[in-house]
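As they're listed, the protein sequences go chains E and A. Heads up: the first sequence begins at 1 in UniProt numbering, then just goes up one per residue. Heads up: the second sequence begins at 1 in UniProt numbering, then just goes up one per residue.
A couple of the hints might just be wrong.
[What the hints assert, rightly or not] Using 25 angstroms as the maximum straight-line C-alpha spacing, the simulated SDA-like pairs for lysine to any residue come out as follows: (1) E:Lys-263 to A:Pro-213; (2) E:Lys-199 to A:Lys-40; (3) E:Lys-139 to A:Pro-22; (4) A:Lys-234 to E:Ala-434; (5) E:Lys-266 to A:Ile-214; (6) E:Lys-223 to A:Lys-27; (7) A:Lys-262 to E:Arg-277; (8) A:Lys-198 to E:Glu-344; (9) A:Lys-262 to E:Arg-278; (10) A:Lys-234 to E:Phe-238; (11) E:Lys-223 to A:Asp-53; (12) E:Lys-223 to A:Glu-20; (13) A:Lys-40 to E:Leu-298; (14) E:Lys-223 to A:Arg-54; (15) A:Lys-27 to E:Gly-402; (16) A:Lys-94 to E:Gly-402; (17) A:Lys-26 to E:Glu-206; (18) A:Lys-261 to E:Gly-299; (19) A:Lys-76 to E:Thr-207; (20) A:Lys-262 to E:His-275; (21) A:Lys-234 to E:Thr-399; (22) A:Lys-194 to A:Pro-213; (23) A:Lys-262 to E:Gln-301; (24) A:Lys-261 to E:Asp-268; (25) A:Lys-262 to E:Glu-244; (26) E:Lys-266 to A:Gly-257; (27) A:Lys-40 to E:Tyr-265; (28) A:Lys-40 to E:Ile-172; (29) E:Lys-199 to A:Pro-22; (30) A:Lys-26 to E:Asp-204; (31) E:Lys-296 to A:Tyr-260; (32) A:Lys-76 to E:Asp-268; (33) A:Lys-234 to E:Ile-215.
Think of the hints as simulated: they come from the structure by calculation, not from any bench. Note that the structure is a prediction, hence the values are computed from the model and not measured.
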Amino acid sequence: MDINKRHPMPCRDPLVRNKDFKEVATGYDAETAIEEAKRCLHCKHRPCVSGCPVNIAIPDFIALVAEGKFEEAYQVIAKTSALPAVCGRVCPQEKQCESKCVRGIKGESVGIGRLERFVADYHNANTPLKKADIPKNGKRVAIVGSGPSSLTCAGDLAKMGYAVTIFEALHIAGGVLVYGIPEFRLPKAIVQREVDGLKDMGVDVETNVVIGRSISIDDMLQKYDAVFVGSGAGLPRFMGIEGENLKGVYSANEFLTRINLMKAYKEDSRTPVQHGRRVAVVGGGNVAMDAARCAKRLGAQEVCIIYRRSMEELPARAEEVENAIEEQIEFKTLMNPTRILGNENGNVTGIECVNMELGEPDESGRRRPVAIKGSEHIIDVDSVIIAIGTSPNPLIKSTTAGLEVDKRGCIVADENGRTSREGVFAGGDTVTGAATVIKAMGAGKAAAKAIDEYIKSKAN
Amino acid sequence: MYKILKKERLNSSVTRMVIEAPFVAKKAQPGQFIILRVDKDGERVPFTIADYDRENETVTIIFQVVGAETSLLNLKNEGDYIEDFVGPLGNPTKTDGYKKVAVIGGGVGSAIAYPVAKKFHQQGTVVHTVVGFRNKELVILADEFKAVSDKYLLVSDDGSTGKKGFVTDALKELIDSGEAYDLVIAIGPIPMMKFVSKLTKGYGIKTIVSMNPIMIDGTGMCGGCRLTVGGETKFACVDGPEFDGHLVDFDEAMERGAMYKKFERSEECRLFGKEVQ
Numbered sequence: 001m002d003i004n005k006r007h008p009m010p011c012r013d014p015l016v017r018n019k020d021f022k023e024v025a026t027g028y029d030a031e032t033a034i035e036e037a038k039r040c041l042h043c044k045h046r047p048c049v050s051g052c053p054v055n056i057a058i059p060d061f062i063a064l065v066a067e068g069k070f071e072e073a074y075q076v077i078a079k080t081s082a083l084p085a086v087c088g089r090v091c092p093q094e095k096q097c098e099s100k101c102v103r104g105i106k107g108e109s110v111g112i113g114r115l116e117r118f119v120a121d122y123h124n125a126n127t128p129l130k131k132a133d134i135p136k137n138g139k140r141v142a143i144v145g146s147g148p149s150s151l152t153c154a155g156d157l158a159k160m161g162y163a164v165t166i167f168e169a170l171h172i173a174g175g176v177l178v179y180g181i182p183e184f185r186l187p188k189a190i191v192q193r194e195v196d197g198l199k200d201m202g203v204d205v206e207t208n209v210v211i212g213r214s215i216s217i218d219d220m221l222q223k224y225d226a227v228f229v230g231s232g233a234g235l236p237r238f239m240g241i242e243g244e245n246l247k248g249v250y251s252a253n254e255f256l257t258r259i260n261l262m263k264a265y266k267e268d269s270r271t272p273v274q275h276g277r278r279v280a281v282v283g284g285g286n287v288a289m290d291a292a293r294c295a296k297r298l299g300a301q302e303v304c305i306i307y308r309r310s311m312e313e314l315p316a317r318a319e320e321v322e323n324a325i326e327e328q329i330e331f332k333t334l335m336n337p338t339r340i341l342g343n344e345n346g347n348v349t350g351i352e353c354v355n356m357e358l359g360e361p362d363e364s365g366r367r368r369p370v371a372i373k374g375s376e377h378i379i380d381v382d383s384v385i386i387a388i389g390t391s392p393n394p395l396i397k398s399t400t401a402g403l404e405v406d407k408r409g410c411i412v413a414d415e416n417g418r419t420s421r422e423g424v425f426a427g428g429d430t431v432t433g434a435a436t437v438i439k440a441m442g443a444g445k446a447a448a449k450a451i452d453e454y455i456k457s458k459a460n
Numbered sequence: 001m002y003k004i005l006k007k008e009r010l011n012s013s014v015t016r017m018v019i020e021a022p023f024v025a026k027k028a029q030p031g032q033f034i035i036l037r038v039d040k041d042g043e044r045v046p047f048t049i050a051d052y053d054r055e056n057e058t059v060t061i062i063f064q065v066v067g068a069e070t071s072l073l074n075l076k077n078e079g080d081y082i083e084d085f086v087g088p089l090g091n092p093t094k095t096d097g098y099k100k101v102a103v104i105g106g107g108v109g110s111a112i113a114y115p116v117a118k119k120f121h122q123q124g125t126v127v128h129t130v131v132g133f134r135n136k137e138l139v140i141l142a143d144e145f146k147a148v149s150d151k152y153l154l155v156s157d158d159g160s161t162g163k164k165g166f167v168t169d170a171l172k173e174l175i176d177s178g179e180a181y182d183l184v185i186a187i188g189p190i191p192m193m194k195f196v197s198k199l200t201k202g203y204g205i206k207t208i209v210s211m212n213p214i215m216i217d218g219t220g221m222c223g224g225c226r227l228t229v230g231g232e233t234k235f236a237c238v239d240g241p242e243f244d245g246h247l248v249d250f251d252e253a254m255e256r257g258a259m260y261k262k263f264e265r266s267e268e269c270r271l272f273g274k275e276v277q
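So that you can see chain A by itself, here it is in the shape it has in the complex (with noise of 0.2 angstroms):
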């Protein structure tokens, strides 16, 4: 059992969380993840590291309210416990060699793009960072990622802060105003890293994406995170999470990704039937 220490609202959906995981706090690095399952009937769910204090144990997790497994996981307390909580899982972030890179997160990936954020900033390389939400009441970590950015820049879909426009249209306009950077690396929904992939490829600028994919054991007993990657299929629960963008088959993820929407959907339904009585 692990005990959840501090929670807190970012925004109407997105929560952080502050778990006591010895293990995990050990090992960690940026780009790693975690898997929980919040209670015995629970499902194993994959959730990123957004932060980690060797010192005091605990592992930091920031997550979306988006199906069952986060609706429940909403509903714990300070002071409540978590069934699971295993890892770190994955391959941690590179980030040597690089002098100047773009940091790109999308929603609440951004939560994601963080920690690396601040790795790279904490080496000394030069870090700008682009980050998109569809509206102003759903900016996370503003002050975080200033903290760690050379330069910060948010945009929104509907333009209520920041620019408007997505994170592409901010990312090609640094890139056209001449900033040179020798590394892109982008966490958000599926759609966003195939277009900064896309983008990028065209530029010539080599790019890094987290991939996301259904995940039960995490440990790359089961293959049902697999994706096609420069042609060959890979786990991304141990040859990832992180993959070069170029060579990523996002439509295929996309696929995949929606396996179980049917079931995802009426699973919600019972549960908050459950809730309302």
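If we strip away everything but chain E, and leave its shape as in the complex, we get (with noise of 0.2 angstroms):
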């Protein structure tokens, strides 16, 4: 095999597993793994690691991997990774570790988000879970939510001996990773896993409990040491065009939570879901990419991405942009909807678009999209599913007196995550707005450092 050229990922046919749930990519083997392990040059100056939100010591993992050391390659990515089997899978490397790559300058970079998928995986078929036995601290410590960077901070923070409990205002812990993204690219049994070593390792995780309602923060700050809010981006961003309360219209979030948490995919789920013909998903980033999957998979016959700017631009990972153009998802780029169409009874029937053509870079340094007057059609769809972002749920700040926030509803603080309330850290996408799994985590883990030496401090 070229050398230049990285092993493949193997995946289920695009037009089979457009019909089901299962996972998408299978994963390596063990034999290449090994000879893809054999691709890294082992760079002194390391520049993957500094592409990694949590510095995962690469090239050290994948040296024991190319020995057949599986289980001790593991151990070095335990070392700064929580959940390398999810990161593994959900990661964009094309713009973290992979994109640093030495490899990937005259080639293609090392696989190492399928390397650590594999290493990931190997240890989870091989070693059982068990309790952890770590003298306790005396301290307690309560997160708010259980997402990514708070399941880090947690797991952090039990490794330190702190009692931890964990919040959640859903049935089920694991935030984005449960109820965002889908069966077919992070199997749920994976999430459960990484949930159940936390509690193995002694932290309490509570559900049903919705922090601003159940219980504020100012009644935690009575009875826990210190805070952490992990409570992510998940209010839904509406375009406030006319017809979007039609029916047919749902936010990602909806779509995607009747699907992935409640299971209206299965036949005998009693959570319904609509289930669309022609179904146009409304923006470009991985949720839109997810939703769009996932209508296929409903038997939608026709899906479309409708995108206001072109290809190049798409914030998707590139992965799940090639996986949806193979199970037949069609782009619709430089094009923006004006207007959602219903029938007499309030059902959606077609979507109104512009074209648009792109102008000058705005702050965000991507050219501005323009429309382009008189371009206006219709598009024949009975579902649309509106995924243009999201931003932080308003509850905890509206019942939390004290706590900064900032314009666009982002709680305020420091890269350790110190809020303006003493005691209260705050990390993931409830700081940054909606960004990735893998930084959620980073903000968990200087977390749980910046909690642990507040605690101590406060001690002395």
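Mind docking these for me? Both chains are given alone in their own frames, and the hints should help you get the complex.
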């Protein structure tokens, strides 16, 4: 095999897999993993490590994979990453570790994410969970939310001996890992194992508790030495165009929650979801890709992505875009919806769009899309899913006096997660706005360290 | 898991349950709701808090059996457990600053109107209650309402109990007879709330309605419960469930409420099919 090319990820046939919710990528086998690991050049300056938000010792674990020492490789990753089976699957590696790989200059970078996933899956298949016996230090920390930043923060604090309680508003822990990212990209059994692992470390998980309603941050500060807020950015944005409240228009959050959390795709599920025949998904991020691919799997004949910029600017992971194209999702780029049309029963019948062209760069550095006058046209659809972004839920802000937020509603915190309230730390999407799983984990990690320092400084 | 401490039939299709739920009981206020899942395969369904007891850490819900989830819930007995029970959700009813209010309850919606009427009564507001039912057999909470109301009017569609007619007829009569309310609060089926709002708009009386759209999470993360109020999109679970009745687009709310009608019907059939076996 060409040394400049990486070993392809084995995947299920696109036209078979787009009819069910089973995992698309089947993962490397041991032999392929060893071969791929041998492509690593073990650079002295280790640029890949700096591309990883939690700085996994990438060349070290890869060297162990090359020797067939998979469990040892796992132990190297586990030192800095709490969720390798998740991150190996959902990180945008092409923008992180793999973007810095020296192999990538002349050819294809080493498949770091694929190797991480292989190692984590190997560990999970061969090492049963066992209760850890960690001496407790007598201090208590409350964690708000159970997404990636919270799980990471909880794990790190538990390892240090803190009594940690996670409070989750929904009935299952995992945040976006359970309600957002679909089974075909991230099997829920993997997330459950991570949560079970935390429980074995002594972390308490209280589901069905809404912070700001069931209990406030101030209540928590009475009982806990510190609080970490990792409540994410779960409030969906709508476009504010005509027809958005018609039947058949979903926020991606609602559509994905019905499918992933409530299992509405299953025959015997008691939660319904509309099975559109012609579906338009508005937006170009990973959430849009997930929603489009779910709609296809529910039996839609035609699914299109409507995105106002061009293919080059799509913010979704390259692999997800490729997978979506293979699964016959159509991309209508340089296009923006102007209104949604309905019939007399209030059901969606079409979406009117206008063509766009790219003008001057905007404050984000990307070229600003501008509508081409008179190019309005109608696309026949019976379902529209809006995936144009989310922002933090205002509930915590509105019920916690003195907690500073910025104009987007994001909690203001420094790089160590310290907020304007003493003893309250925050990290992940609730601070940055919608970002990535690995960045949230990095924030959870930094906050755990800062919480430990804070509690120790108060004890002295 | 949340234990059912008490179960009581209020009429042929309405049940009252007292459930052990410490977190909810501690913070619950009139006008708020909970979301429950009966079992592991269940749907998340909203129910309004009909009463609460902070000391005993219990929350009361009153529900009508209308579909799969409520049927399954109704099969549970005292001592059984409910899988998930989360709340309190939504904003509490604003009760400050009113001297004389009319509380209007329709059908099982009057179970939601009751804690609101009780709170007004406890703070010294004059409370007139108008409750409407299809017929005599369906009347619930009569004694409870009487205990917290300065005036209690019962109407029924068929005249089998109280006065024959709709709640709007009775409310109109009260207003026309010179009762000056500074607030009307209506809780019940959407058409009832729509017509109460229509009536009071003519008289210029401030009117609050409690909306009951389809919900999933109930925490503001999906917008499934969105409705149009004064031309703006609002999420009932976090911005409501109470809104100014003169600003709500009731027709849109009714359409959206019927979104899964087909599914619900087939679901009910499947469920009852299983039970018969």
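Status of each hint after checking the structure:
1. E:Lys-263 to A:Pro-213: 21 angstroms, holds
2. E:Lys-199 to A:Lys-40: Roughly 20 angstroms separates the two Cα atoms, so the pair holds.
3. E:Lys-139 to A:Pro-22: Judged against 25 angstroms, a Cα distance of about 24 angstroms means the pair holds.
4. A:Lys-234 to E:Ala-434: Distance ~22 angstroms between Lys-234 of chain A and Ala-434 of chain E Cα, so the pair holds.
5. E:Lys-266 to A:Ile-214: 20 angstroms, holds
6. E:Lys-223 to A:Lys-27: 17 angstroms, holds
7. A:Lys-262 to E:Arg-277: 16 angstroms, holds
8. A:Lys-198 to E:Glu-344: Holds, at roughly 23 angstroms.
9. A:Lys-262 to E:Arg-278: 19 angstroms, holds
10. A:Lys-234 to E:Phe-238: At roughly 11 angstroms apart (the allowed maximum being 25 angstroms), Phe-238 of chain E and Lys-234 of chain A satisfy the hint.
11. E:Lys-223 to A:Asp-53: 23 angstroms, holds
12. E:Lys-223 to A:Glu-20: 22 angstroms, holds
13. A:Lys-40 to E:Leu-298: 22 angstroms, holds
14. E:Lys-223 to A:Arg-54: Since the Cα atoms of Lys-223 of chain E and Arg-54 of chain A sit roughly 19 angstroms apart, the hinted pair holds (cutoff 25 angstroms).
15. A:Lys-27 to E:Gly-402: 21 angstroms, holds
16. A:Lys-94 to E:Gly-402: Satisfied, since the Cα-Cα distance of roughly 24 angstroms is no more than 25 angstroms.
17. A:Lys-26 to E:Glu-206: 16 angstroms, holds
18. A:Lys-261 to E:Gly-299: 20 angstroms, holds
19. A:Lys-76 to E:Thr-207: 22 angstroms, holds
20. A:Lys-262 to E:His-275: 12 angstroms, holds
21. A:Lys-234 to E:Thr-399: This hinted pair holds, its Cα atoms lying about 19 angstroms apart.
22. A:Lys-194 to A:Pro-213: 14 angstroms, holds
23. A:Lys-262 to E:Gln-301: Answer holds: Lys-262 of chain A to Gln-301 of chain E is near 21 angstroms, not above 25 angstroms.
24. A:Lys-261 to E:Asp-268: 17 angstroms, holds
25. A:Lys-262 to E:Glu-244: Roughly 22 angstroms separates the two Cα atoms, so the pair holds.
26. E:Lys-266 to A:Gly-257: At roughly 23 angstroms apart (the allowed maximum being 25 angstroms), Gly-257 of chain A and Lys-266 of chain E satisfy the hint.
27. A:Lys-40 to E:Tyr-265: 16 angstroms, holds
28. A:Lys-40 to E:Ile-172: 11 angstroms, holds
29. E:Lys-199 to A:Pro-22: 22 angstroms, holds
30. A:Lys-26 to E:Asp-204: 21 angstroms, holds
31. E:Lys-296 to A:Tyr-260: 20 angstroms, holds
32. A:Lys-76 to E:Asp-268: Holds, at about 21 angstroms.
33. A:Lys-234 to E:Ile-215: Distance of about 24 angstroms is within 25 angstroms: holds.
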